[in-house]
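Read top to bottom, the protein sequences are chains A and B. Each residue of the first sequence is one higher than the last, beginning at 1 in the UniProt record's numbering. Each residue of the second sequence is one higher than the last, beginning at 1 in the UniProt record's numbering.
Simulated from the structure, these hints should not be mistaken for laboratory data. Among these hints, one or two may not hold up.
[Unchecked claim] List of simulated lysine to any residue pairs, SDA-like, C-alpha gap at most 25 Å:
(1) B:Lys92 with A:Thr96
(2) B:Lys309 with A:Glu95
(3) B:Lys309 with A:Ala106
(4) B:Lys392 with A:Thr96
(5) B:Lys92 with A:Gly94
Listed here are the chains, written in short residue letters.
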Amino acid sequence: MRNPQLNANGELTHLLSTDGLPRAVINHILDTASSFLEVSDREVKKVPLLRGKSVFNVFFENSTRTRTTFEIAAKRLSADVINLDVTRSSTAKGETLLDTVDNLVAMHADMFVVRHAASGAPHLIADHLRRLGRNDVHVVNAGDGRHAHPTQGLLDMYTIRHYKKDFANLAVAIVGDILHSRVARSDIHALIALGAAEVRAVGPQTLLPAAIEKMGVRVCHDLGEGIRDCDVVIMLRLQNERMNGALLPSAREYFRCYGLTPMALALAKPDAIVMHPGPMNRGVEIDSDVADGPQAVILPQVTFGIAVRMAVMGILAGN
Amino acid sequence: MTRQHLHIHNARLIDPGQGLDACLDLFLADGQVAAIGQPPAGFSAERRIDATGLIVCPGLVDLSARLGGIEPELRAAVAGGVTSLACPPDTKPPLDEPGLVERLVRRSETLGLARVYPIGALTQELAGQKLAEMNTLSRAGCIAFSQAKHPIVNTQLLLRAMQYAATFDYAVRLRPQDDFLAGDGVAHDGEVASRLGLTGIPVSAETVAIATALQLACEAGVRLHLSRLSSGAGVALIRAARRGGMQVTCDIAIHHLHLSEMDIGYFDSYARFDPPLRSTSDRDALRAAAREGLAAVCSDHTPVDADGKQLPFAEALPGASALELLLPLTLRWAAEEELPLAVALARITSDPAAILGIEAGSLSVGSPADVCVFDPGERWRITPEALRSQGKNSPFLDHEVSGRVRMTLVGGRIVFEA
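Here chain A stands alone, though its shape is the one from the complex (with noise of 0.2 Å):
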């Protein structure tokens, strides 16, 4: 079975999860978001790599932030930035997801970028462009279900290399919520396709997902033995419905066990760097003063997150 995301030759033509992405497809976007990092730094913060071509914003799962980091790259290369918020329109009508699809794909869509609760929406959507024999149109995950969110993985790969250089010899810690972490299976995916030394899931037996050490995985379930010695922490969000008493106790005990206090990080590598895909918890995953600390790289994971897509969607549309 080939990986739906790559062509016949191998390239990339929808990114719709880390998994079965090969290390140099990663390292080329990774590379081509650094050429991509001095273009926001300009006075006029565009290039016209995606002049003329539309990008249609579909999310299906409300989200302004990652919404709004989309339309940034996307403006930044000149596209063309249609946002849809389907949760508020087709679908409210009883439109299905492809009837949604075929209807922007008539209206020339390039690329999609899509937001759905639903595990698997992006890779359907994908199917179907493919059965259609639209080859020219590319699907850019954006977030579905517990399954993946690609660009957070890439650019938490981004961030990582940006402070660490080289995967080989490091030690990453993943904590919390694994299981309704999407982001947190795209850095386990990313992580060892680049080859990481080690990654470890880090939380209670009931925020982990089952066989989870199948993925390549080292699952601690005490903190302290989680992040000691380990370059990089990378805190997972903490939902509040998880916090009701059916998975855990209390935000309380969630804290005192897995929360990031500056006395749990001193466990960590001195030069350990601290990262959140946000919005953070404070006081729940992790304590305000490791989150403003000199440790914490969650600005810069932001930053880089515009760049990081940008480069996907400019390798999107030249393949």
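Once you've looked at the hints, dock chain B against the given chain A.
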């Protein structure tokens, strides 16, 4: 299509119930098997059927086939060699009213294709709240009672339902799945679901429900049949119960003998099943259970229209069209396991007939002349166009299989001929 005197000759005749696998002629008269080997005295055939190179076996008996539109699905059944099928009660509306059951029976009798055996609802509207009128439904034609895929959450009510069914010696069929443990899961709680970010259904959802059903069935003294097992741990519980002397029976859907969670690939909604496809070691355990005769095999035929599958995996409807694939996929399993054909065919003929308690699945003299004649060597590709069912959804599309039905007889009448 009258009931002719038929003579099928030159066939390889396999009748698992009698342990027969030999070149023998089959003589059918007055809707029954008149003789095997030599013609009965005074037999004169109105039609002689040359079955050189073909296998003649009892018509297949399917423990679970959902009928959307009745006629196309029953045409699919006979095209697949299925002559008797049990229809689960989760029709729309569910089979909890005698009038609905009578209408289904009458409609299928009028069509004169495969015989339909309705399974009645165990509780009203399958809601798991109030017992259905089992005695009345039985008189209308129901041969057993079940909840289809709607579990009875209240264990006290489940016990009462079993006790009431046992009063009249009705069999109870349950699809074992604990509602709480299954939650809103859509795939086996394992490697693939975790990777794809799909909500998992743990094996314990099945084993907890099996353990509960076994305990309650013992207490009620009811005949229990567990449908569509999906896990190795599940069949192990049933094996242990049988060794302990319990009369419990079970079945496995044919796709579970061939597929595992790996077949979901990149969110293939055709591989969405209820219960879910589980790990490869579960699949191997299911194959072993079918091999040893612990479980019968059914099609679990569930026609789903294209719209029901063109959705993200978790939103897609579960199930596959399988009436026409039951025979070739059983043959594939037999070939892979190097099983004698008589053993493999028992799982889809005599075994399910015994579970349902119906006169079917046998070619012994005096049995109904329900016969399947197939070419075991004919290869064909499974395509939507090749399926007569309205459901074109199958994870086996584009697979090449061996075994094609040439003729199907129900009560001595030829109901399908290719």
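Has the given pair, B:Lys92 with A:Gly94, been kept, meaning a C-alpha gap of at most 25 Å? Answer holds: B:Lys92 to A:Gly94 is near 22 Å, not above 25 Å.
Would you check the hint for B:Lys92 and A:Thr96, treating anything up to 25 Å between C-alpha atoms as holding? Between B:Lys92 and A:Thr96 the Cα gap is close to 23 Å, so the pair holds against 25 Å.
Keeping to a limit of 25 Å between CA atoms, is the pair of B:Lys392 and A:Thr96 held or broken? holds, 20 Å
Check the hint pairing B:Lys309 with A:Glu95 against an upper bound of 25 Å on the C-alpha distance. Given pair B:Lys309, A:Glu95 holds - Cα atoms ~15 Å apart, limit 25 Å.
B:Lys309 paired with A:Ala106 [C-alpha distance capped at 25 Å]: holds, 23 Å
Comparing the model with each earlier hint shows no violations; every hint is respected.
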